[in-house]
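Protein chains in written order, with the numbering used here: chain V, 1 to 499; chain Y, 1001 to 1353.
Derived from the structure by calculation, the hints contain no laboratory data.
Treat the hints with care, since some could be wrong.
[Said to hold, decoys possible] Taking lysine-lysine and the DSS-like style, the derived pairs with C-alpha atoms no more than 25 Å apart in a straight line are:
1. V:Lys322 with Y:Lys1129
2. Y:Lys1227 with V:Lys329
3. Y:Lys1201 with V:Lys396
4. V:Lys322 with Y:Lys1227
5. Y:Lys1337 with V:Lys372
6. V:Lys396 with Y:Lys1335
7. Y:Lys1336 with V:Lys49
8. V:Lys340 with Y:Lys1131
9. V:Lys56 with Y:Lys1203
10. V:Lys371 with Y:Lys1203
11. V:Lys396 with Y:Lys1129
12. V:Lys320 with V:Lys340
13. Y:Lys1095 with V:Lys329
14. V:Lys340 with Y:Lys1095
15. Y:Lys1173 with V:Lys340
16. V:Lys322 with V:Lys269
17. V:Lys320 with Y:Lys1227
18. V:Lys340 with Y:Lys1337
19. V:Lys329 with Y:Lys1337
20. Y:Lys1201 with V:Lys322
21. V:Lys340 with V:Lys272
22. V:Lys329 with Y:Lys1335
23. Y:Lys1129 with V:Lys372
24. V:Lys56 with V:Lys7
25. V:Lys190 with V:Lys230
26. Y:Lys1336 with V:Lys396
27. V:Lys56 with Y:Lys1227
28. Y:Lys1337 with V:Lys49
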Amino acid sequence: MGETILKMQGIEKHFSGVHALKSVNFDLRAGEVHALMGENGAGKSTLIKVLCGIHKKDGGTIEYLGKEVSFHNIGESQDAGISVIHQELNMMNHLTVAQNMFIGREFMKNGLIDDKAMEAEAQRQFDKMGVKINPAAKLGDLTVGKQQMVEITKAISRDCKLLVLDEPTAALTLPEVEELFKIMNELRDKGIGMIYISHRMDEINRISDRVTVMRDGEYVGTVNTAEVTKDDIVKMMVGRVIMGEQKTCSTCPADADVILEVKHLNAGKEVKDVSFQLRRGEILGFAGLMGAGRTEVARALYGADRRQTGEIYINGKKTKIKTPEQAVKNGICYLSEDRKRYGLMLDKSVTDNSAIASVDDFIQGGLINDKKMRNMSAEANAKLRTKTPSMEQLLKNLSGGNQQKVIIARWLMKNSDIFIFDEPTRGIDVGAKSEIYTLMDELVKQGKSIIMISSELPEVLRMSDRIIVMCEGRKTGELDISEATQENIMQLATMREEN
Amino acid sequence: MNNTKNPLLKKKNGLLAGGTQNLVIILAAVVLFAVFYLINPGFASKGNLLTMTKALVPYAILSLGVTFVIATGGIDLSIGTVCFGSAVLAGALCKTGVSVDEGTLWLTIPIILVTGLIFGLINGFLVAKCKIAPFIATLGSMLFSRGLTAVVAEAVRETSSAIKYPSTGWFQKIFTNYNGFPIGIVWVIVLTAICMVVMYKTKIGRYILAIGSNEEAARLSGINTDKYKIIAYVICGIFASLAALFYVAANPSLNLAAGNGMELDAVAGVYIGGTSTTGGSATIIGTILGSMILVIIRQGLNLAMSGGVGISATNITFAVTGIIVVGAVMLDVLKKKNANKVKIETPKTPANK
C-alpha cells in the first residue's frame, strides 16, 4: 500500500443548528480501499461532500497529495483528480455512452462535435478496463451495472487519483458486483485510492483494507478489516449487535388459509406463466437476479401495468384487478423498490404521506378531518417507531429507513392484508434494516401476509417462510425455507431456458 | 400509545399554507399602490378603485380555476378563449336581431357554463387518458375553442358587427354593479372561500395536490389519478366560463378578437401568488393576491401613462408583467434552493429506545 494521499483532520460542519460533523478524521492511502461506514445520518455523505467541495467545512484541515486544499465546488475537486460515483447515477439516459463519458470536454473537429473520435476513445478506455460496453449505445439501454462501469471508466479517464464509491452495489446483481470488485482490484493495483461507502458487511470484508466508522456525525474509529469481525464493525456503528440468522423452518402453519392465489400470470415478455399461492401469516420470498421479472410480477398483480392474462383469487374468490385502485380495495398494497419515484411525496409532510391511501376514512360531512388524520398518522408512525421531529416534517428530510416506515404506516392505516415489499431494505442502513425486519415479522404475527422481493440472499433466507425463484420471467422453483440455501437458490435463479 | 403524549404530535400548521409568501405579496401590493399614488394621486380615487375592482373580477376567477390545474403539475392555456368563446357562443345562440335581449338573456348562463364544462372535460380527457402533455393539449383546445366559437358565431349571426349583451339590467345587478356597489367582488370572495375549502379540506383537493407532488406514488396508493386530473380540468373550465359571466356583464359588447392573452394574465397571477410551477403545492389566497398585483400594475401604468407620454400603457404593461412573473418564480426557486440547503439529517426524537 502506498503513501497517504488524503488526510482529513478535525473536520467540523454545522447545518443551521445541526452539528453534522464533529471533529472527524479520515485518511486514505494510494492503492487502498477504505470503507466508510455508519448508519444513515451518521455523516458519511456530508464528509464526502465536504471533501469534494459541495459543502464548505466549518473547521479542520484537508491535506490532499501533500498540500492543504479547500475545494469550492465539485469542478475544482474533479480537476484535482477526485471523482465521486453516486448512489443514484446522474447521467443522461438519452445520450450515448461516449457522449456521457465526455460530457463537458467533447472532442471537436472543425467546430463540430466529433462523435466518432469520442466513441473510439471510449472504446479504448473500456478495453483498458476490460469491460464490454458499446460506446455508441444509448446509456439508458444499459443495465444499472454497466452504467456504473461507464461512470467509473469516465472517472478513470479523467486521471482520477481518488475515487469515492457511494453504495455502488445497492442496485447491482451478484455477477455485476463481482465485475465491480474485479475492476476495483485492478484500480487498487494502479495505485488509486478508493473510499467505499456501503451497508453490506460481506462486501466490506471482501474488498476493503481498512474501515472507518462514523456515528451521529462523530468519528468512532478506524480499524484494519482483516483484524476485525463483522460484529465488531456493526457494534462500532450502532453500539449493539444485530445479526440475521437464516430462518430454520417456516413460522407459518401449513394449514393456514390461502389468502391469495395467482394462476398463469403473464405480462408482456417479462412475466411468463407464473402461478403461486400466499398463505395468511406467511412471508413469501421472491428471489432471482435483476431482470428476472419479480418486480413485474408484483406490478402485474397490483394492476400497476397492463396485465395481459392470468387469474387472481383473493380468499378463494376470483378477483378482477386492473388498476392499483382495485388492488388497494382488495387489501393489497405495494411498497416499491424505488421509493422516491413510486412511493413518496418528498415535499409533503409525514401526515400527508401516511394518510394518502386512507383519506376516505377521515371524511366527515364531505370535508377532511385533518386533526383526526394527523392523530391517526401519528399513532401509526409511533407504533412503527418512525423517527421524525414532527408530523409536519417533509418526507425529503427523513432518512431512507424512516421514509420506508412512513410508507408502511400508509398501508397499516389502510388496513391492507397483503403487503408486497419490493426490496424492502434497499438504501436503508443496518440499524434501520433490522427494524424493518422486525416490523415485517410483527405484520405476519398480526395475520398479514407478505410477498417480499429481494436481491439480497441473506435477507431472503432470514425473512421468508417459502421462496419462489424466478429466472427470465419464469418461475424456476419453489423452496420451503427448511431446504433453501444460497447455493440452490442461485442455481434456480440462473436456470435459463435452453433454445 | 396515548395520542396526547405522542411526541410526534407537537406543533400544528394552519390552513393558510405559505404565510410568509402571502405577506411578501401584500407588501409588494402596498408598495406598488403607494408608488402609483405618488405618480398620480387619481390612482386612489373612488372611481379608479371601482374600475380596478371590476377589472379584477374575471381575472381572479380565471386564476382561481387554473390554480387547480397547475396544482396537478399541469397548465391550461385554453381558459382565455374558453371564457371569451363561451360568451360569444351563448350570445350568438340567444340573440334576436343584433343583440341578446332581456327575454333570452337567462339562457346564456347555462350555455356559457356548459361550454366551459365541455372544454374542461375535453382538456382533462386529453391530458389524463390520452397522455398528451398539458401544454400541447390545451394549446390545441385554445386554438380550437377560439376558432370554433367564432365560426359558430359567424354562422348564426349573419352580420359582422360585435355581439351585444344588454348593458343594464338584472344581469349587471347580479354580476357587476348592484346599484353602484361592485357586486363582483363579493362573488370573488365567495368563490375564493369555496376554492379554499375544496383545495384544502376535500378529497378532490388533497388528491390533486398528491398528483402534483408525485403522480405515480398517488396512483400506486390506490388513487384514480386520471379521474382527479379530469376533475381539475373541469373545475378550471367551469371557472373559465364563470369568468365569462362577469366579463360580459362588465363589457357587454364583445369583439371577436378580444380574449386573446387573457389566459396568460390568469396563469401569471397564479405564479406570482406562489403556487408551485411543478404542482404539489398551491395557495388560493396567493392566487387572488397575484391577480390583484397584476390589476394594480395594469391600471397604475394606465394612469401613469395617461399624461400624454406617447407610449402605449398596454405594451408597457406586457413588459412589466413579464418581468414580475419571472421575478416571482425566481424568488420561489431561490426559496426552494435555500430550503434544501437546510437539511435535517437525523432528527432527534425520543421515539426509539
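Any of the earlier hints contradicted here, and which numbers?
-> Of the numbered hints given earlier, those the structure breaks are 5, 9, 11, 12, 13, 14, 15, 19, 20, 21, 22, 23, 25 and 27, listed in rising order.
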